[in-house]
Amino acid sequence: MTAVVRRVEAQDEYCMGCGLCRLACQVAHSAYPLSIVKAMKTGSRPVPRMSVESSADGMSFRSVRCLQCEDPECVKICISGAATRDEETGVVLIDEQKCVGCWSCVIACPEGAIIGPGTGRGKAYKCDLCLEREFPACVAACPNRALILREVEVVESTTREG
Amino acid sequence: MLKLQKAKFEIGRDFDRCVGCGVCVNQCANEVHFRDPYDESVCADDIKCVGCQRCVHLCPTGALRVVSFASRTREHGLWTSTVINEIHLQSDSGGILLSGMGHSRPDTVYWDRILLNASQVTNPSIDPLREPMELKTFLGRKPPLNRKNSLDAPEKYPQLELEIPVMFAAMSFGSVSLNVHKSLARAAMSQKTYWNTGEGGLHPEVRAYRDRAIVQVASGRFGVSPEYLEEGACIEIKIGQGAKPGIGGHLPGEKVTGEVARTRKIPPGSDAISPAPHHDIYSIEDLSQLIYSLKEATAYRKPVAVKIAAVHNVAAICSGMARAGADILVIDGYRGGSGATPLRIRNDVGIPVEFALAAVDRRLREEGIRNEVSLVVSGGIRNSADVAKAIALGADAVYIGTAALVALGCHMCQNCYTGKCNWGIATVNPRLARRLNPDIGTLRAENLLRAWKHELAEFLGGMGMNAIESLRGNRLMLRGLGLTERELEILGIKAVGE
Ligand code: SF4
Ligand code: SF4
Ligand code: SF4
Ligand code: SF4
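Top line first, the protein sequences correspond to chains A and B. For the first sequence, the numbering used here gives the first residue as 1, with consecutive numbering after it. For the second sequence, the numbering used here gives the first residue as 1, with consecutive numbering after it.
Here chain A stands alone, though its shape is the one from the complex (with noise of 0.2 Å):
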């Protein structure tokens, strides 16, 4: 069975490390999604789910967020469950209430995209998409087109294993 998912998808090339998506990730999942800044001072800041790199010699950059891979490892070594993939949209999800905070996925993740450790909040925090949206607020906010949201056919593995 095939089925259409979506994926952001970054262009290495043209990211110029300004940390705007990451800002507007953290907004998008805040009490205040509408006003940055209302989101940023009130209260704690917001988690973002995603991350900005930079190369060592800071020449070049990566926004980095989770590739809602067809089999995730991370659902696969999350011990309380709390790590599902949504099979209708494949959008890989960790429920709040179920983490536990063992950063098992964080380590599991190849694409280093799990937020947690640091942020104080003793939680998993990861991309999803922004589902309620129409379009993830990173990828509006990137100010040089460096992220593309692409729609991909997958063939769905029957199931996961274990």
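Derived from the structure by calculation, the hints contain no laboratory data. Worth double-checking, as some hints may not be accurate.
[As the list claims (entries may be wrong)] In silico EDC-like cross-links for lysine to aspartate or glutamate, where the CA-CA straight-line distance does not exceed 20 Å: (1) B:Lys156 / B:Asp92; (2) A:Lys38 / B:Asp16; (3) A:Lys76 / A:Asp86; (4) A:Lys41 / B:Asp39; (5) B:Lys156 / B:Asp16; (6) B:Lys420 / B:Glu161; (7) B:Lys494 / B:Glu40; (8) B:Lys420 / A:Glu13; (9) B:Lys48 / B:Asp36; (10) B:Lys136 / B:Glu498; (11) A:Lys41 / B:Asp14; (12) B:Lys156 / B:Asp280; (13) A:Lys123 / A:Glu73; (14) B:Lys142 / B:Glu163; (15) B:Lys295 / B:Asp271; (16) A:Lys41 / B:Asp36; (17) A:Lys41 / B:Asp16; (18) B:Lys420 / A:Asp57; (19) A:Lys38 / B:Asp14; (20) B:Lys3 / B:Asp46; (21) B:Lys295 / B:Asp211; (22) B:Lys3 / B:Asp92; (23) B:Lys420 / B:Glu259; (24) B:Lys3 / B:Glu86; (25) B:Lys136 / B:Glu161; (26) B:Lys136 / B:Glu469; (27) A:Lys41 / B:Asp211.
[Stated by the list, open to error] Here are the in silico distance ranges between beta carbons for each label pair: (28) B:Arg450 / A:Glu13: 20 to 28 Å; (29) A:Arg45 / B:Gly246: 54 to 62 Å; (30) A:Glu13 / B:Pro252: 44 to 52 Å; (31) B:Asp439 / A:Glu88: 27 to 35 Å; (32) B:Arg382 / A:Ala140: 31 to 39 Å; (33) A:Gln11 / B:Ser104: 47 to 55 Å; (34) A:Phe135 / B:Gly258: 32 to 40 Å; (35) B:Pro252 / A:Glu151: 20 to 28 Å; (36) B:Ser293 / A:Phe135: 32 to 40 Å; (37) A:Gln11 / B:Thr122: 52 to 60 Å; (38) B:Ala118 / A:Lys38: 19 to 27 Å; (39) A:Glu13 / B:Asp271: 46 to 54 Å; (40) B:Ile84 / A:Lys38: 40 to 48 Å.
All values reported here derive from a predicted model rather than from experimental measurement. C-beta: ideal position from N, C-alpha, C; glycine also.
Use these hints to put chain B with the ligands onto chain A, whose structure you have.
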């Protein structure tokens, strides 16, 4: 020692809005914004700011203002703050003053003193949205009028075919990023005009756009090879440039990175110095030799252009160039841009292109050879009105350099020579050059040409014309506003009201 130079800009940060995201910090290559290590707050060191406005545009909360430094020296008509700052800078450093971009003094812009005509009552105007408008322009040598059968040999007269009489001026890879070349080259392809490699050679990644490339041969001969000459649609010999008439070029070794060095065919890290003169050109006869060597090398299949800076006696020089075999004459006025030029030369050497154009066009007409060559002007063409006026003054087409870069994001900070262009334009630093995504750049450059096409059609229609050919050299369509008798005479136009 106390440095006497002052900040030129003041950074205003509204802390009610600032969320401390750090975008200003990571976007300013001049390191104006920084995070105070003690409390993580974002601060600014105003004196380093060049006013490029990058941080203002990118700040997601609109918290920033970059405004002129308010503190001025006491008013004095001669000893202005700028004059005093320049002396302080030189007494701090002992060096010549460098700058990027063209002439910066607010001298009269003659384009603004020339007004175009429109049809009223006695002759109908044409609606460009309903009627076809022809902007097509051919550049290259045309057969002399008296030689009747020369039209039978079109191969002797290779032409460039432009759908809009606006081309992208020479800007070398090295002085600008490869992404600039990609943007302009692709826009030139799709809009059917030409782009110019500048004297830095043709990078393999833009070779695909060679059919619309004018390849430059300048005094440093960087990047020149038989293949390079063969690849261009036209070859341009650069004698001079409006931003620095009479002096050569200097691309500092730091900008000569691997890619730039390979494209220029010189060792990485070496200063790329273009001598002031071509060491093999000391007369019109020498120029003729180079023109014909290049024509021989490319089997007379490409027009050869010669570009000079507009200087005194430009008419006589251009007449010589035409006779030496140049198919296209390019005149760059004193407002022409540059990636690096000594400030004094930029502002005080050369003449405005409006006068140079009028003088050259008249001289070539008087000598009966105007119809045989094409005339292209550049140096401060800002909009479609400037283009229309240049064409009515006698130009076949114009080059735009600065306007094209502004379309790509340049904010005229004039610090191109530092290699720290925050807009990713005048730099080859990979951290900065990636800021210009060529897909976006192409679209912006195309949009500019599209917009100008529409406006040129409006001008033509308003004057009751349906082809740019009818406007070419048509000085009756021009009137001078607030110009002296002598200026009107040289421009060859009447005064307003006449
Ligand atoms: S907003 Fe775009 S350019 Fe900026 S860091 Fe994110 S992906 Fe890179
Ligand atoms: S970019 Fe704007 S909001 Fe972000 S730290 Fe700078 S001033 Fe503050
Ligand atoms: S140099 Fe440009 S980016 Fe840096 S502070 Fe000044 S205006 Fe902002
Ligand atoms: S090209 Fe860049 S450095 Fe040069 S004036 Fe424009 S913004 Fe400034």
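Here's how the hints hold up against the structure:
Restraint check for Lys156 of chain B and Asp92 of chain B: not satisfied, since their Cα atoms lie roughly 58 Å apart, outside the 20 Å limit. In summary, the hint linking Lys38 of chain A to Asp16 of chain B is supported, as the alpha carbons are separated by about 10 Å, within the 20 Å threshold. For the hint pairing Lys76 of chain A with Asp86 of chain A, the CA-to-CA distance comes to about 14 Å; that is within 20 Å, so the pair holds. Distance hint between Lys41 of chain A and Asp39 of chain B is fulfilled; the C-alpha atoms sit about 16 Å from each other, no more than 20 Å.
Distance hint between Lys156 of chain B and Asp16 of chain B is unfulfilled; the C-alpha atoms sit about 70 Å from each other, more than 20 Å. For the suggested pair Lys420 of chain B and Glu161 of chain B, the alpha carbons sit about 37 Å apart, so the restraint of at most 20 Å is broken. Of the supplied pair hints, the one linking Lys494 of chain B and Glu40 of chain B is violated, its CA atoms being roughly 65 Å apart against a limit of 20 Å. For the suggested pair Lys420 of chain B and Glu13 of chain A, the alpha carbons sit about 19 Å apart, so the restraint of at most 20 Å is met.
Of the pairs offered as hints, the one joining Lys48 of chain B and Asp36 of chain B holds, with about 16 Å between alpha carbons and a cut-off of 20 Å not exceeded. Between Lys136 of chain B and Glu498 of chain B, the direct Cα distance comes to roughly 31 Å. Violation of the 20 Å bound is thereby established for this hinted pair. For the given pair, Lys41 of chain A sits about 14 Å from Asp14 of chain B by alpha-carbon distance, which is consistent with the 20 Å threshold. With a C-alpha separation of about 26 Å, the suggested pairing of Lys156 of chain B with Asp280 of chain B is violated against the 20 Å cut-off.
Using a Cα cut-off of 20 Å, the hinted pair Lys123 of chain A and Glu73 of chain A holds, with the two alpha carbons roughly 17 Å apart. For the suggested pair Lys142 of chain B and Glu163 of chain B, the alpha carbons sit about 18 Å apart, so the restraint of at most 20 Å is met. Between Lys295 of chain B and Asp271 of chain B the alpha-carbon distance is near 30 Å, which puts this suggested pair outside the 20 Å criterion. Distance check on the hinted pair: Lys41 of chain A and Asp36 of chain B sit about 19 Å apart at the alpha-carbon level, within 20 Å; holds.
Of the supplied pair hints, the one linking Lys41 of chain A and Asp16 of chain B holds, its CA atoms being roughly 9 Å apart against a limit of 20 Å. Only pairs whose Cα atoms come within 20 Å are accepted, and Lys420 of chain B paired with Asp57 of chain A is accepted, the gap being roughly 16 Å. Restraint check: the Cα-Cα separation between Lys38 of chain A and Asp14 of chain B comes to about 14 Å, which is no more than 20 Å; the hinted pair holds. At roughly 14 Å between alpha-carbon atoms, Lys3 of chain B and Asp46 of chain B fall within 20 Å of each other, so this suggested pair holds.
Using a Cα cut-off of 20 Å, the hinted pair Lys295 of chain B and Asp211 of chain B holds, with the two alpha carbons roughly 17 Å apart. A threshold of 20 Å between alpha carbons decides the hint, and for Lys3 of chain B with Asp92 of chain B the separation of about 6 Å falls inside it, so the pair holds. Between Lys420 of chain B and Glu259 of chain B the alpha-carbon distance is near 18 Å, which keeps this suggested pair within the 20 Å criterion. For the given pair, Lys3 of chain B sits about 13 Å from Glu86 of chain B by alpha-carbon distance, which is consistent with the 20 Å threshold.
A hinted pair counts as satisfied when its Cα atoms are at most 20 Å apart, and Lys136 of chain B with Glu161 of chain B qualifies at roughly 7 Å. For a cut-off of 20 Å, the pair hint linking Lys136 of chain B to Glu469 of chain B stands: about 8 Å separates their Cα positions. Between Lys41 of chain A and Asp211 of chain B the alpha-carbon distance is near 55 Å, which puts this suggested pair outside the 20 Å criterion. With their beta carbons about 27 Å apart, Arg450 of chain B and Glu13 of chain A fall inside the hinted range of 20 to 28 Å.
A beta carbon spacing of about 58 Å between Arg45 of chain A and Gly246 of chain B agrees with the range 54 to 62 Å that was offered as a hint. Taking the beta carbon of each, Glu13 of chain A and Pro252 of chain B are about 26 Å apart, not inside 44 to 52 Å as hinted. Against the hinted window of 27 to 35 Å, the Cβ-Cβ separation of Asp439 of chain B and Glu88 of chain A comes to about 32 Å, which satisfies the hint. Separated by about 33 Å at the C-beta atoms, Arg382 of chain B and Ala140 of chain A satisfy the suggested range of 31 to 39 Å.
For Gln11 of chain A and Ser104 of chain B, the Cβ-Cβ distance of about 37 Å falls outside the hinted range of 47 to 55 Å, so the restraint is violated. Between Phe135 of chain A and Gly258 of chain B the CB atoms are about 38 Å apart, so this pair conforms to the stated range of 32 to 40 Å. Distance hint check: the CB atoms of Pro252 of chain B and Glu151 of chain A are about 47 Å apart, inconsistent with the given range 20 to 28 Å. At about 57 Å, the CB distance of Ser293 of chain B to Phe135 of chain A disagrees with the hint of 32 to 40 Å.
At about 58 Å, the CB distance of Gln11 of chain A to Thr122 of chain B agrees with the hint of 52 to 60 Å. In this structure, Ala118 of chain B and Lys38 of chain A break the distance hint of 19 to 27 Å, their C-beta atoms being roughly 53 Å apart. Range check, Glu13 of chain A to Asp271 of chain B: Cβ separation about 29 Å, and the 46 to 54 Å hint is violated. Between Ile84 of chain B and Lys38 of chain A the C-beta distance comes to about 46 Å, which sits within the given range of 40 to 48 Å.
Checked against the numbered hints listed earlier, the structure breaks hints 1, 5, 6, 7, 10, 12, 15, 27, 30, 33, 35, 36, 38, 39; every other hint is satisfied.
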